[in-house]
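Between the sequences and the hints, there should be enough to build the whole structure, so can you do that?
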Amino acid sequence: MRRSKRADSFFVIWRRIKKNRMAMVGTFIVLFFVVLAVFAPWVAPFSPTEHNYEDSLVGPSLKHWFGTDIYGRDILSRVIFGARTSLGIAFLAVSIAAVSGVLLGAIAGFFGGFWDELIMRFFDILLAFPDILLAIAIIAILGTGWFNLVLAIAIYSMPQFARIARSEVVSVKQNEYVEAAMALGEGPWTRLFRYVLPNSLAPVIIQGSLRMATAILSISGLGFLGLGVKPPLAEWGTDLSLARTYLQVAPHLGIFTGLAIFLIVMGFNYFGDGLNDALNPKLKDR
Amino acid sequence: MRNFVVRRLMLLIPIFLGVSILIFLLMHFIPGDPARLLAGEGATPQDILNIRQKFGLDQPLITQYFLFMKGVFTGELISLRTEAGVMEEILPRFWNTIQLSLLSILISATLGIGLGIVAAVKRNSWVDNLVMGFSLFGVSMPVFWLGILLILLFAVVFDWLPAGGKGGFEHIILPAITLGMATSAIIARMTRASMLQVLSQDFIRTADAFGIRRNKIIYKYALKNAMIPVVTIVGIQFGYMLGGAVLTESVFGWPGLGRLIVDSIFSRDYTVVQVGIMVIAMTFVFVNLGVDITYAFLDPRIRRR
Amino acid sequence: MKKFLVVAFFVSLFAVFGFAENYGGDFVYAMGADAVTLLPANMSDNPSEAVCRHIFDGLVEFAEDMEIVPALAKSWEISEDGTVYTFHLQQGVKFHDGAAFNAQAVKTYFDWIVASNVKRTSLYEPYIKQINVVDENTVEFVLHFSFGGFTSTLAHGAGLIVSPAMIAKYGDDVGELGKHPSGTGPFALEVWKRAEVIQVRANEDYWKGRPYLDSIEFRVIPEDITRVIQVQSGDADLTMRVPPIMKRRLEGDKNLTLRNDPSLRVIYLGFNMRKAPLDNVLVRQAFNYAIDKEKLCSVIMRGLATPSDSPLSPNTWGYAPTGGYPYDPAKARELLKQAGYDELDIVLSTPRGRYLQDYETIIAVQAMLADSNINADVQPMEWGEYINFLFTEPENSNYEVFLLGWAPSTGDADWVLRPLFSSDNLPPSGDNNTFYNNPKVDELIQAGMRESDPEARHAIYAEAQQIIVEDAGWAFLYNLNQLVVFNNKVQGVEVLPIEIVLVKNAWFEN
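The listed protein sequences derive, respectively, from chains A, B and C.
Counted the way our numbering counts, the first sequence spans residues 1 to 286.
Counted the way our numbering counts, the second sequence spans residues 287 to 591.
Counted the way our numbering counts, the third sequence spans residues 592 to 1101.
In short, the hints are calculated from the structure, not lab data.
Take every hint as true, because none was put in to throw you off.
Below, a sample of chain B positions facing chain A; criterion: calculated Cβ distance under 7 Å: (1) Ile301; (2) Leu308; (3) Leu312; (4) Leu422; (5) Val425; (6) Ser426; (7) Trp431; (8) Leu438; (9) Gly529; (10) Leu533; (11) Val548; (12) Val571.
The calculated label-pair distances, taken between Cβ atoms and stated as ranges, are: (13) B:Phe315 <-> C:Ala706: 36 to 42 Å; (14) C:Ala691 <-> B:Phe315: 51 to 57 Å; (15) C:Ser666 <-> B:Phe359: 55 to 61 Å; (16) A:Trp65 <-> C:Gln790: 45 to 51 Å; (17) B:Phe359 <-> A:Val43: 55 to 61 Å; (18) C:Gln790 <-> B:Leu392: 28 to 34 Å; (19) B:Thr580 <-> C:Val938: 51 to 57 Å; (20) C:Asp763 <-> B:Phe455: 41 to 47 Å; (21) A:Glu117 <-> B:Phe315: 24 to 30 Å; (22) A:Trp65 <-> B:Phe489: 54 to 60 Å.
Nothing here was measured: the structure is a model prediction, and the numbers come from that model.
All C-beta atoms in this analysis are idealised placements derived from N, C-alpha and C, irrespective of residue type, glycine included.
The following block contains the structure:
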């Protein structure tokens, strides 16, 4: 009974997304990159890490569609494997941030009082930090590497989720059915997980999609500052920062990699916006 | 109204303390001994010991925190790296960031509000589509890539503008555009949405029914009301710019505060990082407060919350 | 030296005939980082030294070939036992603040360094016993013991002499003293905007005659490539540390002059020999065979480096070719097998941006090592953290293999072999952080220090180099060149092998 109802609402949302052209474009771009990332070893024409000094800094050609870098590595293959790196890190970081942020926000909103003050003031402090500087400081402590990147981005993405969850919980918990559940003697945690949280999920999912876009921008930004993943792993921002020196001699190094970041971020933005329209029809024009 | 402002100001105190403690702890968790670094290549253990004593780095953490806070209020803190006063290091750099952010917010607010109005008025036309397209383009563009492309185009290919550094007015143009791109997109979207909402409201329809000219409706009645949320977003974005200019500053070699802080993290110049981040965080909080107060002033319903 | 003489000849010729068109012009000198301090005795970074060498003079200075030539000292004598140095000073010289330069000024400055706790106190404090003012224009340094390198330490950046008036005023505040430089040099500080620009103006009363340029603006632009673009577009007149990839393009630019000079810097991979398996000479030799140095020089450095076969660069006094290690991955794998490893996992640490193309080099090295079954986990670090990491108490040394460079500021073999390969010179105070320990090499280093006959001394150092290479004390990478690019209207640019570029004698051609 319950499952079919959920399936129903899924189809309703999907139908709304389908009607929204922007959302469809976004869905398509995101899916395209996800497929690239998952099947990277089969899609990429070359190994992203194999050096071939005879082909150093070759422009786009039939053999190397996007050209090669100074080590003779195939840029197309590095762009494809870079999707794997960025999507993987962003997805993990946003998931961690969403789960922990929503949980803390929900606790704050549901129980109120002291816990509310404590948790939300802590997030206020985190929000007062300029976000990229916070990530830089965290990486300076933990060192570079992909998992530390996940943590840094998760930590500074958390407050937004907590705020959304809190305000949703505050408004949902006053609904009659929640009060009815309390009257029936269900404990606070049961009520929180059973009734309040599921009803707050829509805005969290929208935020998650938009946050993916921000996370990917942050990953490449940190990579660009030299605080990204370790070599020889392919990562767009890191590759772009190395490409800077060669732009006059080999402009192709700067074009395709940047375009990949731009496209996927745009995909998530379109997708998140479309989702927003589909889930909140009354806010369609915002 | 006064109560509202006082309450909001009081709330700043815990945030101020929280930020100072958090950044202090963060900096001390970062591995690396600043004394060793300051001593440079070829220093003796005695040199390092002396430096540690000189800056109180041999004291327990809690003492160091109180020394630091005391220094913040007396203004006696000095940079570990240059041994000049911390504020002497920070203020000129902060001023550079403010200059960049001001020009940037000016460009993006003008552009964003203009485009937003046009899009709302010509709703669903090709102009509207173009503006919405631009706004998504703007928020999706990685700043450093935009910076690279602008340098490639305007400095390398055409040689119209300098590639970086700080000098005359021509040096600030590319960084300001780069920094403002995303913001102008956000402002354009906000303006459009807000205009559409106001235009659909009853009093506008009434005015329309009274036969008042459409231009007058749009620019006299609708715009005024639509600007309230736009002012908010401009303020918040300006706050972000002050702290989030690190990437732009690093692409263009702009000597702003963001880069000073990043460089200081790497050279373990604790005092500059701590005070620098507090300056940015507090500015951000104050700008937000200013925005909230303006908002409350414009929209009395908020004050009661 | 020849070049210097030719320049000097033309300079004096122009001066004599009064070609006024050579005077004037505002010079923009683009550099990668701001000066940290303009107090010579307290600086340990390259940009500070480059600026200070335009504002201050020392008793002696380095010529382009590292020969020590007179500056504020016209001439000097060394006592027979080598412990007393007597300097005869230029007369009628004034500091920018008006104070007179004389024997007392020299004494005041060096006494102040020795008594203070500044970064270069340890450069003089161990040697200087006392300084005597013989008369107004004669000063005498009495050393604790004979030390052949003493004039080199005076030619070092820290030996640039600061006005006694400033020491009297700010002597107890190093930070303030570093902001108020007053020397006898050809240019005086006008404006210093942190992280932006340092402006200096010609000293009209300079004791060698007014410099040609009216002013120099040292402009700070951190990114290597951005600085080059500024020189290309004419916004700046000169910059250094040019990325190798730009060499050909810049050579084709008719408005620019490119200077390509060897520096004394050697780039190498060091091993932590306290750690297995890096204590095994076979493993270390495997690293040497696994790395294709020719490819590093030709592809990554685009010909701006030469493969290294010794801890000394060919331009350092005492260098002797050893043959080095050819690229031979099969041999590398075989040596690893002999040592008992089919495969090896190591951590490879590197700074990023400290040396030209350092990070690019490490990525190439990582791939080369992988071909010889050595899996390197690259650990890039910021310079500050890196120095801390590499120079700690031996028992805390957690690094394995690391990239580092060395350029002897004296230009002599001793200042490479003694600090880096003496078994007793251990960190944190010493520089031998590979923990290299070979009694024979220790013996040769001591012998080289005591030997006064150049030929015999050279033979001693040749033997030491041979042993170090056989021991695979390092994985030898390359010797760096320095590429400097400037506006081709500029003449008289000096490039010192210690990676300092001077324009104090430069002028614009019409």
